[in-house]
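These protein sequence lines map, in sequence, to chains F and R.
Number 45 in the numbering used here belongs to position 45 of the first sequence; there are no gaps in the numbering.
Number 135 in the numbering used here belongs to position 24 of the second sequence; there are no gaps in the numbering.
Everything labelled a hint here was simulated from the structure, so no lab data went into it.
Backbone N, C-alpha and C define an ideal beta-carbon position, used for all residues, glycine too.
There could be a bad hint or two in this list.
[Said to hold, decoys possible] Residues from chain R that keep clear of chain F, each with C-beta distances beyond 12 Å, as calculated: (1) Glu126; (2) Gly127; (3) Asn133; (4) Thr137; (5) Ser139; (6) Arg166; (7) Asp178; (8) Thr185; (9) Pro193; (10) Ser196; (11) Leu221; (12) Ser223.
[Unchecked claim] Just a few of them, taken from the derived set where beta-carbon distance is under 7 Å, the chain R residues facing chain F: (13) Tyr142; (14) Asn143; (15) Gly154; (16) Leu155; (17) Leu160; (18) Tyr187; (19) Pro204; (20) Thr211; (21) Leu212; (22) Lys216.
Take a look at the letters that make up each chain.
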Amino acid sequence: DAGVIQSPRHEVTEMGQEVTLRCKPISGHDYLFWYRQTMMRGLELLIYFNNNVPIDDSGMPEDRFSAKMPNASFSTLKIQPSEPRDSAVYFCASSFEGEAFFGQGTRLTVV
Amino acid sequence: KQEVTQIPAALSVPEGENLVLNCSFTDSAIYNLQWFRQDPGKGLTSLLLIQSSQREQTSGRLNASLDKSSGRSTLYIAASQPGDSATYLCAVPMNSGYSTLTFGKGTMLLVSP
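Could you put the whole structure together from the sequences, leaning on the hints where they help?
Now the structure itself:
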């Protein structure tokens, strides 16, 4: 398996624009997580899915953030409208039986 | 709420030294514990996974131990090399049937030649 695949790797956008981050988890994994990493706050869990169903989205900072998992092989994290404080590295991870694997992340810069 | 603490926050050693990174967690009801490595600008790479029933796991020069009762894990790196320079993070999921990972803030390791 190629591992967890995220796209794009880098995204630069203007404040107010919509941003969509994409993730393809490892086949057979039943959990999918979206994390955000900043220097100040470290790794923060935003939302996670179990068998494509959102379980806990309490980490999503605001209503501007939304995530979907329409099937077992694809998830999106959308920010609309984006703000400069959303600038961070966003990681997607998938796990099976408690062992997690991370994608390479999307570095988002909102100017 | 599970909290994970890693000590030290940063560590600088000369090449060849053996070193220990520490991780502590507040709730011992964990399913397992995972150690990750993160290189600058990169994702997290899984190094070792210790199941709650195990006391240690080894992979090459790395050895991770787990003491659930005291809420501690250590990552031992033998004969450190400059290529080991990275940030090391430990993470625990809860033993509740869910699999959310709680991370420590990591130990930034620098191994100088």
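Violated hints - listed by number, lowest first: Per hint list: single violation, 18.
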